[in-house]
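Protein chains: 2
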Amino acid sequence: MNEESATPALQDGWSRLGPLALREGQTSQAQIYATLRDALISGYFRPGEEISLRRAAAVMGTSVTPVREALRQLESDGGLEVFGGNRVLRVPVLSASELLDIRDIRINLEGFAANQAISGMRPSRLRLIGNACQLMQRAADAGDADMYLENNWRFHSLIYEAAQRPVLMGVIRDMWLRVGPLIRTAVTAPLHFDRSMASHDAALRALRQGDGPALQAAIIRDIGDAADDLMTSEQGITRTA
Amino acid sequence: MNEESATPALQDGWSRLGPLALREGQTSQAQIYATLRDALISGYFRPGEEISLRRAAAVMGTSVTPVREALRQLESDGGLEVFGGNRVLRVPVLSASELLDIRDIRINLEGFAANQAISGMRPSRLRLIGNACQLMQRAADAGDADMYLENNWRFHSLIYEAAQRPVLMGVIRDMWLRVGPLIRTAVTAPLHFDRSMASHDAALRALRQGDGPALQAAIIRDIGDAADDLMTSEQGITRTA
DNA sequence: AGGATCAAACTGTGATCTCACTTTAGCTAA
DNA sequence: TTAGCTAAAGTGAGATCACAGTTTGATCCT
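The listed protein sequences correspond, in order, to chains A and B.
Numbering of the first sequence is given in the working numbering, commencing with residue 34 and proceeding in unit increments.
Numbering of the second sequence is given in the working numbering, commencing with residue 34 and proceeding in unit increments.
Treat the hints as calculated values from the structure; they're not laboratory data.
You may find that some hints are simply not true.
As the list claims (entries may be wrong) - A few chain A residues that don't get close to chain B, going by computed Cβ distances all over 12 Å:
1. Pro52
2. Ile151
3. Thr271
Claimed, not checked - Residues from chain B shown here face chain A by an in silico Cβ test under 8 Å; the list is partial:
4. Arg56
5. Ile135
6. Val200
Beta carbons: idealized from backbone N, C-alpha and C, even for Gly.
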């Protein structure tokens, strides 16, 4: 039955991306990598969606060479995986065990980063975090998933960056790269917004009071709740493995 | 003064690597990546050593194309970094703060993995771990750094793999990739072998008793001691940043 | 002897082409 | 209608080439 009306414009991830605006001092490859990485984190691509070298090159306005390196990098980060006998690259479809694997890494590292962030927190950054939290709340009220996800990443990364640990920040970003395509399906879960915003409010409170352990606990709760929603939604997750 | 006799054959990392033995079903790029990654973990390359695309291609017996992708992947993993205005790839020279950054990630993740490994431990694996520990002790007695480092990674990875968490294992491997070039300098520290083997023995004991927290504590102590030796050795570390 | 200069030899980057393979669409035949 | 075959289009992998930039080293002049 009319599936195309149920998902009116099931756009692929490319529709939101334009050709590359070449900035000097940066290689094409680096810009393509950053663009696609952020797009994956923001959930522009769905799990299982295939990424073609030539099509990506056409969209970015370059040859396949820099695209290939960028995609290979993303594969190395776990943001893409080789799929069939044709070695096609696609957005990973996670198994339930992989999801738990990632969840526990996040609990360990983001909890640690949050705790470390307390000492490096400045008023200006705290204000930015508060803004992101407000925008998230507004997006939740309006049901705007795009705006919500964008500010969700912004909220979390602003906290972790205060820990001033670039390597840790990179590993955390890699974990978000893996769950990014899934989180968009998680926000459709009932009560997700409510529970998530409750954790975020608790985190913001702890942040303002300089309470590291409380902040850590709030972040851990947020991660656990999100993983629960993902497990129950069963979209983009394979149960077999 | 005759510096060349002080370091008689300061071999670069390529001297231990041969041309690629093409296995079917694997891409050249994947084999080059795996080869170079393991070489970096084992400390074949020194911090600051430069990696040339064409030279690497000549050693591996391929064109620059697959080499470039492999090196780009390693850069993304943090195993290589772009250096000068010429964008030369080299083995990273870590700052003291980066070293602490990596140390704490390792403490969190490897400690967690060790704790999780208890339930997945099998007698056959336990025997392999015991063997690696014996070989490490023998290498320490003989002062064979190569053999020691090889079995050190083997010892740790055998433990963590028992946790059956591929993503976690990948992140841990990335951390070893970053400290691999440094660890070779750490083993020259006085008492490093003694302290390290004491931690390893404690880990093995905890493993045989199925004591997760004790295993976790032993692993954490090992990581902390190694980081201390690296900080005091000051080789391949910049103090400025 | 010391410093400036210029050319040669390197560096990575990106585009293009060929190849082997897979997938798919369409046609043919049972 | 359906099964099977075939040709076309698509896939990534790898080699090669051209280019811009840097580094290096020798030469020349002071």
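Each hint tested on the structure:
no. : hint   : verdict
1   : Pro52  : holds, 22 Å
2   : Ile151 : holds, 15 Å
3   : Thr271 : holds, 14 Å
4   : Arg56  : violated, 16 Å
5   : Ile135 : holds, 6 Å
6   : Val200 : holds, 4 Å
The structure fails hint 4 only (numbered hints given earlier).
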